[in-house]
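Q: Using the sequences plus the hints, can you model the full thing?
As you go down the protein sequences, you meet chains F and D in turn. Residue numbering for the first sequence follows the working numbering, starting at 12 and increasing by one per position. Residue numbering for the second sequence follows the working numbering, starting at 103 and increasing by one per position.
It is possible that some hints are incorrect.
In silico EDC-like pairs for lysine to aspartate or glutamate, Cα to Cα no more than 20 Å straight-line [unchecked claim]:
1. D:Lys169 - D:Glu105
2. D:Lys199 - F:Glu25
3. D:Lys199 - F:Asp65
4. D:Lys169 - D:Asp157
5. F:Lys68 - D:Asp129
6. F:Lys108 - D:Glu117
7. D:Lys199 - F:Glu90
8. D:Lys144 - F:Asp49
9. F:Lys68 - F:Asp49
10. D:Lys169 - F:Asp109
11. F:Lys68 - D:Glu105
12. D:Lys169 - D:Glu117
13. D:Lys199 - F:Asp109
14. F:Lys108 - D:Glu105
15. F:Lys108 - D:Asp180
16. F:Lys108 - D:Asp185
17. F:Lys64 - F:Asp84
18. D:Lys199 - F:Asp67
19. D:Lys158 - F:Asp73
20. F:Lys68 - D:Glu195
21. D:Lys169 - D:Glu195
22. D:Lys158 - F:Asp67
23. D:Lys199 - F:Glu83
Please keep in mind that the hints were generated in silico from the structure rather than gathered at the bench.
This is what each chain is made of:
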Amino acid sequence: DAGITQSPRHKVTETGTPVTLRCHQTENHRYMYWYRQDPGHGLRLIHYSYGVKDTDKGEVSDGYSVSRSKTEDFLLTLESATSSQTSVYFCAMRPGKDTEAFFGQGTRLTVV
Amino acid sequence: QKEVEQNSGPLSVPEGAIASLNCTYSDRGSQSFFWYRQYSGKSPELIMSIYSNGDKEDGRFTAQLNKASQYVSLLIRDSQPSDSATYLCAVSEGTYKYIFGTGTRLKVLA
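A: In structure tokens form, the structure reads like this:
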């Protein structure tokens with residue numbers, strides 16, 4: 012497969028708790044992305060990274076932070092989970108700026 | 103205004119017909135454009151990429167790009183029930199951003 016995995020695949024957490032989702036790639040690709048997918052909204056960009064320690068905000072970044080200390084790992088943290096953050100989260104990677112993206116399997120997060 | 107727009111559908115076409123999916127984008131500087139297919143509960147997978155004005159064909163799929171009108175489309179010829187899925191348009195913006203539309207749900211009726 013494309014060499015990108017997400018963990019966990021499913022998580023249920025309580026409102027107010029911090030949550031970290033992990034994305035791991037084995038392709039040494041420079042660009043990595045976190046999206047959330049909700050009915051009627053398509054894939055919305057949360058944060059992206061263009062290198063180790065180089066990250067920037069996407070269109071729906073409030074309540075989320077990211078870190079990339081190694082090329083292969085891109086972590087998404089929900090600082091204090093809310094019910095509005097219940098969603099399916101996808102991580103993606105790209106080798107170059109005009110190339111296609113390869114996706115992880117997705118993480119279904121439920122905040123109760 | 104959303105940066106990449108698609109009609110959410112559902113778009114219903116009979117088996118064997120041509121399905122036409124459309125996408126508009128707001129960033130005139132965008133240079134690369136992509137179509138993905140996503141089955142329910144699965145990750146998006148690439149169908150086609152297009153970078154130049156005009157048509158690009160790959161089997162039953164044709165992507166069309168018009169940068170002046172900021173418009174990209176996907177035609178699926180001889181549609182099959184297995185083509186029933188959500189189709190996502192993606193646009194590379196600036197140096198790093200990769201933005202998706204809301205997706206169009208396609209139903210191919212047997």
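Q: Does each hint hold? Answer for all of them.
A: Results of checking the hints against the structure:
no.: 1; hint: D:Lys169 - D:Glu105; in the structure: 15 Å, holds
no.: 2; hint: D:Lys199 - F:Glu25; in the structure: 31 Å, violated
no.: 3; hint: D:Lys199 - F:Asp65; in the structure: 13 Å, holds
no.: 4; hint: D:Lys169 - D:Asp157; in the structure: 12 Å, holds
no.: 5; hint: F:Lys68 - D:Asp129; in the structure: 17 Å, holds
no.: 6; hint: F:Lys108 - D:Glu117; in the structure: 37 Å, violated
no.: 7; hint: D:Lys199 - F:Glu90; in the structure: 23 Å, violated
no.: 8; hint: D:Lys144 - F:Asp49; in the structure: 13 Å, holds
no.: 9; hint: F:Lys68 - F:Asp49; in the structure: 19 Å, holds
no.: 10; hint: D:Lys169 - F:Asp109; in the structure: 16 Å, holds
no.: 11; hint: F:Lys68 - D:Glu105; in the structure: 15 Å, holds
no.: 12; hint: D:Lys169 - D:Glu117; in the structure: 31 Å, violated
no.: 13; hint: D:Lys199 - F:Asp109; in the structure: 10 Å, holds
no.: 14; hint: F:Lys108 - D:Glu105; in the structure: 18 Å, holds
no.: 15; hint: F:Lys108 - D:Asp180; in the structure: 33 Å, violated
no.: 16; hint: F:Lys108 - D:Asp185; in the structure: 29 Å, violated
no.: 17; hint: F:Lys64 - F:Asp84; in the structure: 11 Å, holds
no.: 18; hint: D:Lys199 - F:Asp67; in the structure: 9 Å, holds
no.: 19; hint: D:Lys158 - F:Asp73; in the structure: 38 Å, violated
no.: 20; hint: F:Lys68 - D:Glu195; in the structure: 14 Å, holds
no.: 21; hint: D:Lys169 - D:Glu195; in the structure: 13 Å, holds
no.: 22; hint: D:Lys158 - F:Asp67; in the structure: 33 Å, violated
no.: 23; hint: D:Lys199 - F:Glu83; in the structure: 19 Å, holds
Checked against the numbered hints given earlier, the structure breaks hints 2, 6, 7, 12, 15, 16, 19 and 22 and satisfies all the rest.
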